[in-house]
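2 protein chains.
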Amino acid sequence: MLYVVGIGSGNKDNMSFACYDAIKKSDVIVGYDKYISQIQHMIQDKQIYQSPMMKEIERSKKAIEYAKEGNTVSVICSGDSGIYAMAGLIMELAEDDIEIKVIPGITSAILASSLLGAPIMHDYCSISLSDLMTPLELIFKRIELASMGDFVIAIYNPKSKKRSEHLKESVDIMLRYKSKDTVVGVVKKAYDVEQEVNICTLESINYDDIDMHTILIIGNSSTYVKNGKMITPRGYEKKYIDKMNS
Amino acid sequence: MLYVVGIGSGNKDNMSFACYDAIKKSDVIVGYDKYISQIQHMIQDKQIYQSPMMKEIERSKKAIEYAKEGNTVSVICSGDSGIYAMAGLIMELAEDDIEIKVIPGITSAILASSLLGAPIMHDYCSISLSDLMTPLELIFKRIELASMGDFVIAIYNPKSKKRSEHLKESVDIMLRYKSKDTVVGVVKKAYDVEQEVNICTLESINYDDIDMHTILIIGNSSTYVKNGKMITPRGYEKKYIDKMNS
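Quick note, the sequences are listed as chains W and A, same order.
Sequence positions in the first sequence follow my numbering and run 489 to 734.
Sequence positions in the second sequence follow my numbering and run 489 to 734.
To be clear, the hints were calculated from the coordinates, so they are not data collected in a lab.
Heads up, some of the hints might be wrong.
Identical copies look the same in the list; a pair holds intra-copy or inter-copy alike.
[Claimed, not checked] As a list, the in silico DSSO-like pairs of lysine-lysine whose alpha-carbon atoms are at most 30 Å apart: (1) 512 <-> 714; (2) 534 <-> 550; (3) 549 <-> 513; (4) 589 <-> 668; (5) 714 <-> 550; (6) 500 <-> 513; (7) 714 <-> 543; (8) 522 <-> 500; (9) 714 <-> 549; (10) 650 <-> 668; (11) 589 <-> 714; (12) 556 <-> 522; (13) 513 <-> 714; (14) 677 <-> 500; (15) 714 <-> 656; (16) 556 <-> 714; (17) 668 <-> 714; (18) 629 <-> 656; (19) 668 <-> 649; (20) 629 <-> 668.
Throw the hints in and build the complete structure from the sequences for me.
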């Protein structure tokens, strides 16, 4: 059996019971170094196969191999296992001679949102700024279309050493459609001891403060701040506002 | 203290430890009838305030009132508490005289995806077809923009008694940009005993089989089916395909 599990933020609080159980009953744990270290205390009695970032194909093949040998295997993903994670790659590479079970988790945009207040609430887009696998042109096109549609936008992988300007360019595109006062939530290392949560606007983002572990939630035209929390109302209709006041 | 908790699919497996703990330590549980009945076994010793759908404002006000009186209160949401749920409304209505904590959960699109295989994986949009709070025109515009961007699209609230044609119209819009062979995952009552999981194409959707509890995941141009699972590959780049074959 091969479980592909999403561990949420990595601490038990944001882990599902199914995720915890799958890890506990596994013989072998496969994952990226950083995620393995987050759950180290849970897996001390287990065989561990870990490797650095960018070694996803190797890890997937290894996990499949262990499962074929009859082991119960958990492949560890941050957030959810099916969003910018390993479930797809494993299914692309595996044949039908092993059973694969995807254990869902809380994705990073949702974790970040819970710390900001209620910034998503309504229709939203999730976009990664990593152009390792996706042409930059398509990424910017998506940023533009999402802005045109007044979606809330969750930005994954906003920056890396090799990509420092993509976020600025994305914000420039957004500013063609979204007001400069649009509320933006910036969350670094959600639910970690080093967690940072900030609320700013589209024109006041502190780019130096953003790294690959940061998630940005860009509000829609109705998003506002109240009592330090970022809130996107449920709807646009006047009847909703009327209801609120009744 | 007022917790707004996302219970995922409602069974313990897809609930986070933080969600479980918040419910367990609450004096009062507030929620929509159906969600309350899903966690009935956990809350037998507690005061319960439940009401039907559309009574969200009343429920929110009541929850705030209980918290002000000094109770620990949990407001129950399906999926995540911050996506098409109650966190925003409560923060809109509350003042800063009570503490509010949003406990994130696994949203329905992610629950559905885990049963389909790995259909999201990459950039995606989440769109609700309910026009109770959002003008239909804006909903259709979002469907169009999401299709133009080759996003994976998660559809929430595809149908109700009053809205039976929105999904068909949405699919007609998608078909202007997406191939009729685009893979579509249809999941009804994920992780419930009555769960139904089907994979079809954009032109073979069985509209009679869809209700308000159904989530649809519309693939992007790379999504395919393998061993009965719906898979969206991680990337678009040729180097990725080359890597796969190396």
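Here is what the structure says about each hint:
no.	hint	verdict
1	512 <-> 714	between (42 Å within a copy, 29 Å between copies)
2	534 <-> 550	within (16 Å within a copy, 48 Å between copies)
3	549 <-> 513	within (21 Å within a copy, 43 Å between copies)
4	589 <-> 668	between (44 Å within a copy, 29 Å between copies)
5	714 <-> 550	between (49 Å within a copy, 20 Å between copies)
6	500 <-> 513	both (16 Å within a copy, 17 Å between copies)
7	714 <-> 543	between (43 Å within a copy, 23 Å between copies)
8	522 <-> 500	both (16 Å within a copy, 27 Å between copies)
9	714 <-> 549	between (48 Å within a copy, 17 Å between copies)
10	650 <-> 668	within (27 Å within a copy, 38 Å between copies)
11	589 <-> 714	between (41 Å within a copy, 15 Å between copies)
12	556 <-> 522	within (26 Å within a copy, 42 Å between copies)
13	513 <-> 714	between (44 Å within a copy, 27 Å between copies)
14	677 <-> 500	both (15 Å within a copy, 26 Å between copies)
15	714 <-> 656	within (27 Å within a copy, 38 Å between copies)
16	556 <-> 714	between (53 Å within a copy, 18 Å between copies)
17	668 <-> 714	within (18 Å within a copy, 45 Å between copies)
18	629 <-> 656	both (15 Å within a copy, 26 Å between copies)
19	668 <-> 649	within (27 Å within a copy, 40 Å between copies)
20	629 <-> 668	both (20 Å within a copy, 23 Å between copies)
Checked against the numbered hints above, the structure violates none of them.
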